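Peer 1: Build out the structure end to end from the sequences listed, making use of the hints.
2 protein chains.
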Amino acid sequence: MPQIEAIELDGHGPVYDQIKRAVTAQIRSGAWKPGDRLPSEADLSRSLATARMTVNRALRELTEDGLLVRRRRAGTFVAQPDAPAALLKIVDMAKAIPARGQAYGYICETDDTVPASPGIAKAMRLPPGARLQHVECLHTADGEIVEFEERWINLALLPGAAQAGFDTEGPGGWLLRAAPWTEAEHTVSAVNADADLARRLGVEPGAA
Amino acid sequence: MPQIEAIELDGHGPVYDQIKRAVTAQIRSGAWKPGDRLPSEADLSRSLATARMTVNRALRELTEDGLLVRRRRAGTFVAQPDAPAALLKIVDMAKAIPARGQAYGYICETDDTVPASPGIAKAMRLPPGARLQHVECLHTADGEIVEFEERWINLALLPGAAQAGFDTEGPGGWLLRAAPWTEAEHTVSAVNADADLARRLGVEPGAA
DNA sequence: TGCGGCTAATTGTCTATACAATAAAATCCT
DNA sequence: AGGATTTTATTGTATAGACAATTAGCCGCA
Numbered sequence: 001m002p003q004i005e006a007i008e009l010d011g012h013g014p015v016y017d018q019i020k021r022a023v024t025a026q027i028r029s030g031a032w033k034p035g036d037r038l039p040s041e042a043d044l045s046r047s048l049a050t051a052r053m054t055v056n057r058a059l060r061e062l063t064e065d066g067l068l069v070r071r072r073r074a075g076t077f078v079a080q081p082d083a084p085a086a087l088l089k090i091v092d093m094a095k096a097i098p099a100r101g102q103a104y105g106y107i108c109e110t111d112d113t114v115p116a117s118p119g120i121a122k123a124m125r126l127p128p129g130a131r132l133q134h135v136e137c138l139h140t141a142d143g144e145i146v147e148f149e150e151r152w153i154n155l156a157l158l159p160g161a162a163q164a165g166f167d168t169e170g171p172g173g174w175l176l177r178a179a180p181w182t183e184a185e186h187t188v189s190a191v192n193a194d195a196d197l198a199r200r201l202g203v204e205p206g207a208a
Numbered sequence: 001m002p003q004i005e006a007i008e009l010d011g012h013g014p015v016y017d018q019i020k021r022a023v024t025a026q027i028r029s030g031a032w033k034p035g036d037r038l039p040s041e042a043d044l045s046r047s048l049a050t051a052r053m054t055v056n057r058a059l060r061e062l063t064e065d066g067l068l069v070r071r072r073r074a075g076t077f078v079a080q081p082d083a084p085a086a087l088l089k090i091v092d093m094a095k096a097i098p099a100r101g102q103a104y105g106y107i108c109e110t111d112d113t114v115p116a117s118p119g120i121a122k123a124m125r126l127p128p129g130a131r132l133q134h135v136e137c138l139h140t141a142d143g144e145i146v147e148f149e150e151r152w153i154n155l156a157l158l159p160g161a162a163q164a165g166f167d168t169e170g171p172g173g174w175l176l177r178a179a180p181w182t183e184a185e186h187t188v189s190a191v192n193a194d195a196d197l198a199r200r201l202g203v204e205p206g207a208a
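Chains A and B, in that order, give the protein sequences.
For what it's worth, my numbering labels the leading residue of the first sequence as 1, then goes sequentially.
For what it's worth, my numbering labels the leading residue of the second sequence as 1, then goes sequentially.
Just so you know, the hints here were simulated from the structure itself, not pulled from any lab data.
Since we're looking at a predicted model, the values are computed, not measured.
One or more of the hints may lead you astray.
[To be verified] Covered stretches of chain B (chain A as the covering partner; in silico rule of three or more C-beta atoms under 8 Å from a C-beta of chain A):
#: 1; region: 120–132
#: 2; region: 136–145
#: 3; region: 149–157
Glycine included, C-beta positions come from ideal geometry on N, C-alpha and C.
Peer 2: Have a look at this one:
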């Protein structure tokens, strides 16, 4: 089981930001690894001598950024990294358009692994034939097509993208796999975490 | 000067979410238009009988979503809609990658207005020759090219994209134009708002 | 008029506390 | 043992109050 060390603030800027940086630093440095459980808000607020609300804001925002995953009673965990970064922006797009009063739609036309064509390879400074994930999708607002987007993702750097499935189910279905698990029980808690994330991602956009 | 009516909560879910929905509804319905000033947090918390922190969280999150713009002492304004939606995801990408401990880079290769080629026109269900904004950019993490992205934006629906300038300065430079202005003084407050947004967008990623 | 300093309105953050919601873990009862 | 129930740890939200930071607007003065 991971032993979580105490973190320290740097006195620079708002406290919640200091906490965010400190936690981020722990994760970046590898001191806290994916799946590790963080100290509880109560513990952190005690050891940092701040109010729990401040810790809460920091952890809540990091969760929003996809760096952490939280579950009531279970605790706060370092999220599985890697692929979510590629998808956050889609989530964001899906969130931003309804906020403007329009019904957002996302249609994925193609999503497959292809060797880089000479033209794309040149654009990406890759050797021709490198494995790429090719995604074509449409963003619609109120049924009208706002944007056509074509992407080539370097699978050498983002291996998770191949299994991501950017299809019509939307990104939520994929993000499921970014769940936290404690070292001991893989399957069980992974299922739970999936349900948790699914709820988070499914309910929020629907409500707004 | 716009007369802002009181808003009402619906008793559904967390209060900060109710406030978010209520404000969003006002904006969607057109009751609050871009540039309009909202009641102050103090006024809202009084008229809604909630704590100011709760109102603050709601307005802060809506600001994060790009729906509002806030300035100390000046107040909270309905943001200029429209084009920011297309860019939020870039901002998000720029934020998400450094959060994972890598240096994010954004290189825009082309950004011009073109008539739709037959192939693209078909994909977007548009007549060939429709005006599109064509953007090609690279997303890099630690200098390595993670993703090549090509986009065609329907200028008929997002006219602002043409002047957006998705160039190497990054999206921040563009978002400047999404500033709020009171009906009376265009130029002056627009400049101020620019400075404000610039700070917001320039400082946050730099700190993290 | 124009400039400079003061005032005060507004947002931004922090604290301490409280209670609700959730679900893991322990306990009890059969 | 095993299933039901109770306990309890943890996050989620709400509140009231306080002070800091920013800056628009006002007032005075040259």
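Peer 1: Now, for every hint given, state plainly whether the structure supports it.
Peer 2: Hint-by-hint comparison with the structure:
Residues of the region 120–132 of chain B with a Cβ under 8 Å from some Cβ of chain A number 5, which satisfies the need for three, so the listed coverage holds. For the region 136–145 of chain B, the assignment as covered by chain A holds, since 5 residues bring a beta-carbon within under 8 Å of that chain's beta-carbons and 3 suffice. Coverage of the region 149–157 of chain B by chain A holds in this model, with 7 residues showing a Cβ closer than 8 Å to a Cβ of that chain against a need of three.
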